Each structure stands twice: as C-alpha cells, then as structure tokens.
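Enquirer: In case you want the letters, here they are:
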Amino acid sequence: MNLLFQFLFLLSFLNPGNPAGQGYQPGDKAADFSLKATDGKKYSMADYKKAKGFIIVFTCNSCPFAVKYEDRVNELAKKYTSQGYYLLAINPNDPAVQPADSYDMMKERATEKGFVFPYLFDEGQQVYPQYGATKTPHVFLLDKNRVVKYIGAIDDNADDASMVKEKYLENAIAALEKKMDPTPAVTKAIGCSIKYKK
Amino acid sequence: MKLMPRTFQMVLLFFIGLQTVNSQVMQVFEKFEDLEKKVFKNNDTTYVINFWATWCKPCVKELPYFESFNTSIGDQKIKVILISLDFKNQIKSHLEPFIKKNKYSSEVILLTDNKYNTWLDKVDAEWSGSIPATLLLSGEKKLFAEREFESEEDLSKFVHSFIHSL
Numbered sequence: 039m040n041l042l043f044q045f046l047f048l049l050s051f052l053n054p055g056n057p058a059g060q061g062y063q064p065g066d067k068a069a070d071f072s073l074k075a076t077d078g079k080k081y082s083m084a085d086y087k088k089a090k091g092f093i094i095v096f097t098c099n100s101c102p103f104a105v106k107y108e109d110r111v112n113e114l115a116k117k118y119t120s121q122g123y124y125l126l127a128i129n130p131n132d133p134a135v136q137p138a139d140s141y142d143m144m145k146e147r148a149t150e151k152g153f154v155f156p157y158l159f160d161e162g163q164q165v166y167p168q169y170g171a172t173k174t175p176h177v178f179l180l181d182k183n184r185v186v187k188y189i190g191a192i193d194d195n196a197d198d199a200s201m202v203k204e205k206y207l208e209n210a211i212a213a214l215e216k217k218m219d220p221t222p223a224v225t226k227a228i229g230c231s232i233k234y235k236k
Numbered sequence: 037m038k039l040m041p042r043t044f045q046m047v048l049l050f051f052i053g054l055q056t057v058n059s060q061v062m063q064v065f066e067k068f069e070d071l072e073k074k075v076f077k078n079n080d081t082t083y084v085i086n087f088w089a090t091w092c093k094p095c096v097k098e099l100p101y102f103e104s105f106n107t108s109i110g111d112q113k114i115k116v117i118l119i120s121l122d123f124k125n126q127i128k129s130h131l132e133p134f135i136k137k138n139k140y141s142s143e144v145i146l147l148t149d150n151k152y153n154t155w156l157d158k159v160d161a162e163w164s165g166s167i168p169a170t171l172l173l174s175g176e177k178k179l180f181a182e183r184e185f186e187s188e189e190d191l192s193k194f195v196h197s198f199i200h201s202l
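In order, the protein sequence lines correspond to chains S and B. Converting from the first sequence to my numbering requires adding 38 to each position, the first position being numbered 1. Converting from the second sequence to my numbering requires adding 36 to each position, the first position being numbered 1.
For the record, the hints were derived by calculation from the structure and aren't laboratory data. Since this is a predicted model, take the numbers as computed values, not measurements. Don't be surprised by glycine CBs; every beta carbon is placed ideally from N, CA and C. One or more of the hints may lead you astray.
What the hints assert, rightly or not - Residues of chain S clear of chain B, computed beta-carbon distances all greater than 12 Å:
id, residue
1, Gly65
2, Tyr86
3, Cys101
4, Gln121
5, Ser140
6, Asp142
7, Asp181
8, Lys182
9, Ala212
10, Val224
What the hints assert, rightly or not - Selected chain S positions facing chain B (in silico; Cβ < 7 Å):
id, residue
11, Lys79
12, Lys80
13, Gln163
14, Thr172
15, Asp197
16, Ala199
17, Ser200
18, Ala227
19, Ile228
20, Gly229
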C-alpha cells in the first residue's frame with residue numbers, strides 16, 4: 039500500500055498534464071526552491087533578505103517564443119534588481135527530451151547573452167509542477183512573502199518589443215509598489231509546452 | 037524511355053505547377069473574431085481544430101496523425117482544421133515552405149492575431165497557452181485538450197469518444 043502511494047506521488051510529478059486546477063493562483067503562497075544556476079551556485083528566494091518581490095520566469099534556450107523574450111527578460115532584471123525585485127529564471131525542460139536545454143547549453147546561452155540574472159535548472163523537474171507552469175515563457179510575480187500576485191505573460195507582443203502596448207508584468211510590479219493587487223492578475227499567451235518524459 | 041513531346045511536357049508541368057499553387061492556398065486571419073465567425077460553425081459537423089506552429093516541435097511531430105486521421109474520415113461529418121500560429125515574420129521563410137513540402141489534405145489556416153490574452157480564453161478558459169492544443173467542436177458542445185497526441189489512434193479515440201458523448 040505504501041508503495042502504491044509512493045508510486046502515485048511520483049506519478050503526480052512525472053505527469054503534470056493539463057494544469058487546470060493545479061498549480062498556483064494569485065493569492066497562493068509559493069514554495070521556495072534551491073536550484074543550481076549556470077554559475078554553479080544554488081539559489082533560493084530565502085537568500086534575498088531585503089527583497090520586495092520576486093519575478094520567477096520559466097524559460098528555456100530552445101523555445102522560439104522564449105528566445106523572443108530573452109533580451110526583454112535581461113532588461114527587466116537590470117531595471118528591477120536595483121528596486122528590490124529579483125528576477126530568477128528557471129529552465130523547466132528535461133534535457134533528455136530537449137537536448138538544447140541541458141545545463142551545459144544553459145551555461146553557454148547565459149554567457150552568450152550576458153544574462154544578469156541567475157539562470158536556474160529545474161533538475162529533476164520538481165519545481166515547475168508545483169507552480170503550475172505549463173509553458174515557456176511563463177511568469178510568476180511574487181511579493182516579499184512569496185505570495186503570488188501575477189501569473190502570465192511579460193507583455194502583449196511577443197513578436198516585437200517596440201509594438202508592445204501593455205507591459206503586464208511591469209504594470210503588476212507597479213501595482214505591488216502601491217500595495218495594490220495587479221489587474222489583470224492573470225494573462226495568457228502562447229508558448230512552448232514544457233518538455234518532460236512520458 | 038522515349039522523351040515526351042515538348043508540348044505535352046509543358047502541359048504536364050503546368051498542371052503540376054497549378055497543384056502546388058493550390059496546396060499553398062491558405063486562409064489568413066488577422067483577428068480571432070473573424071476566424072471564429074467563419075470557421076467555428078455551429079452545425080452538425082464535428083470540427084477537429086489543432087493549434088500548431090512550425091517552430092513547435094511536438095506540434096510538427098503530431099501533424100501527420102491529424103493528416104492520416106483526416107484521410108480516414110470518409111463520409112463521417114468530421115472536418116480537420118490546422119490553425120498555424122506562426123510568427124508573422126516567418127510566414128515566407130518557414131510556414132509556406134513547410135506547407136508546400138507536406139501538401140496537407142486538411143484545411144490549413146494561419147491566425148496572426150498576437151493579442152493572445154484577448155482570445156485564448158475564447159477557445160477554452162483552461163488553455164494556458166502552450167501548444168500543441170486541440171479543440172473539438174460540435175454544435176454547442178466542445179472538448180479541449182492542451183496536449184500532444186501519441187498516435188493517430190490516440191487522436192481518433194479522443195475524437196470518437198467526444199462524438200459518442202454528444
């Protein structure tokens with residue numbers, strides 16, 4: 039019996055499937071993590087004692103949609119780190135399924151693009167199912183108590199940063215600064231499904 | 037083998053050319069609302085609507101299942117529609133050559149409406165936005181799956197269980 043539960047428990051991680059009803063909604067408290075970045079160090083949100091909030095970006099090397107946002111993500115990190123909002127990017131993909139998202143390839147990408155944020159590897163794929171991330175890119179904005187305040191897209195134009203009309207994530211951070219709940223608190227955009235072994 | 041008469045060759049080439057042009061004909065919608073009005077019809081046909089893009093590997097992997105499913109429909113009232121969400125600036129470079137190469141028998145439609153947050157919910161409230169994703173529509177009923185299919189059989193089962201539930 040015990041074995042059966044262990045099996046079911048494992049299965050729940052192995053097959054996140056459709057996230058409907060699973061994962062975080064705005065208002066939920068997000069779990070911390072300890073994940074290795076491309077610099078070889080492990081990062082947790084608890085390390086940032088004076089943080090006003092966290093921008094968790096599930097992203098990867100291989101998804102063209104994520105790639106379109108790479109420079110924007112880097113700019114966001116540059117802009118908001120000094121304001122106390124720390125951006126942590128997490129690659130949730132299983133490199134056995136998508137070799138371009140291996141830890142070594144992440145290191146290469148981070149150097150190539152000069153990422154100023156920790157680019158973390160969700161080794162063993164334990165973190166993204168907890169959050170309910172389903173795709174790359176997929177953003178979760180947390181306040182200093184790790185309460186989820188915003189989930190979704192960075193802005194409303196993946197194709198062209200210069201054509202963006204609504205900066206959803208930045209608007210959400212601005213709301214947090216005013217101690218308000220962001221509206222919208224959830225947005226949707228197309229992205230690449232997270233790669234896991236079936 | 038003797039050479040074909042030149043005129044015959046020309047005529048043949050003309051028809052082959054015509055066919056290639058034909059297989060490239062693809063409806064393009066810039067607004068989801070327009071696509072919704074023209075494509076998502078409320079009638080007795082079951083629509084199998086797949087959202088994909090050439091840049092999406094699992095999508096490209098499962099497209100042949102939709103194709104072989106489409107050829108197996110026969111006289112059942114089922115219609116397969118492949119809606120590409122390719123980037124506007126990759127239509128000439130990626131999408132058109134891909135369509136030309138694969139010569140799909142299913143209807144291919146390009147939707148370039150990148151204001152995703154305004155329309156993803158209209159397809160299904162539970163769609164987080166990852167592709168591939170497939171919507172089954174029949175009259176007022178619908179079934180949505182944000183997942184990839186493993187085989188034609190997998191897809192066929194999904195469609196037929198929906199039809200039986202109607």
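Enquirer: Against each hint, give a clear statement of whether it holds in the structure.
Expert: A quick look at each hint next to the structure:
1. The Cβ of Gly65/S sits about 18 Å from the closest Cβ of chain B, beyond the 12 Å cut-off, so the non-interface label holds.
2. For Tyr86/S, the shortest C-beta to C-beta distance to chain B comes to about 28 Å, beyond the 12 Å cut-off, and the non-interface label holds.
3. For Cys101/S, the requirement that its beta carbon stay farther than 12 Å from each beta carbon of chain B is not met, with the minimum near 8 Å.
4. Separation of Gln121/S from chain B is adequate, the least Cβ-Cβ distance of about 25 Å exceeding the 12 Å criterion.
5. For Ser140/S, the non-interface assignment is confirmed: its Cβ lies about 16 Å from the closest Cβ of chain B, beyond the 12 Å cut-off.
6. With a least beta-carbon separation of about 20 Å from chain B, Asp142/S lies farther than 12 Å from that chain, consistent with its non-interface assignment.
7. With a least CB separation of 22 Å from chain B, Asp181/S remains clear of the 12 Å interface cut-off, as annotated.
8. The non-interface label for Lys182/S is consistent with chain B: the shortest C-beta to C-beta separation is roughly 26 Å, beyond 12 Å.
9. Even its closest Cβ contact with chain B, about 18 Å, leaves Ala212/S beyond 12 Å, as expected for a residue assigned away from the interface.
10. Interface exclusion of Val224/S from chain B breaks down, the closest Cβ pair being 9 Å apart, not more than 12 Å.
11. The restraint placing Lys79/S at the interface with chain B is violated, with a minimum CB-CB distance near 30 Å, outside the 7 Å limit.
12. Taking 7 Å as the C-beta contact cut-off toward chain B, the hint placing Lys80/S at the interface is violated, the least distance being around 28 Å.
13. The beta carbon of Gln163/S is not positioned within 7 Å of any beta carbon in chain B (closest approach about 15 Å), and the interface hint is therefore violated.
14. Interface restraint check: Thr172/S against chain B, minimum CB-CB distance 4 Å, threshold 7 Å, status holds.
15. Evaluation of the Asp197/S hint against chain B yields a held restraint, the C-beta minimum of about 5 Å falling below 7 Å.
16. A least Cβ separation of about 12 Å between Ala199/S and chain B goes past the 7 Å threshold, and the interface hint is therefore violated.
17. Annotation: interface hint on Ser200/S violated; nearest CB of chain B at approximately 13 Å, more than 7 Å.
18. Here the hint on Ala227/S is kept, as its CB sits about 4 Å from the closest CB of chain B, short of 7 Å.
19. Given hint, Ile228/S at the interface with chain B, holds; its Cβ is 5 Å from that chain's nearest Cβ, closer than 7 Å.
20. A cut of 7 Å between beta carbons decides the hint on Gly229/S: the least distance to chain B is about 5 Å, and the hint holds.
The structure fails hints 3, 10, 11, 12, 13, 16, 17 (numbered hints given earlier, in ascending order).
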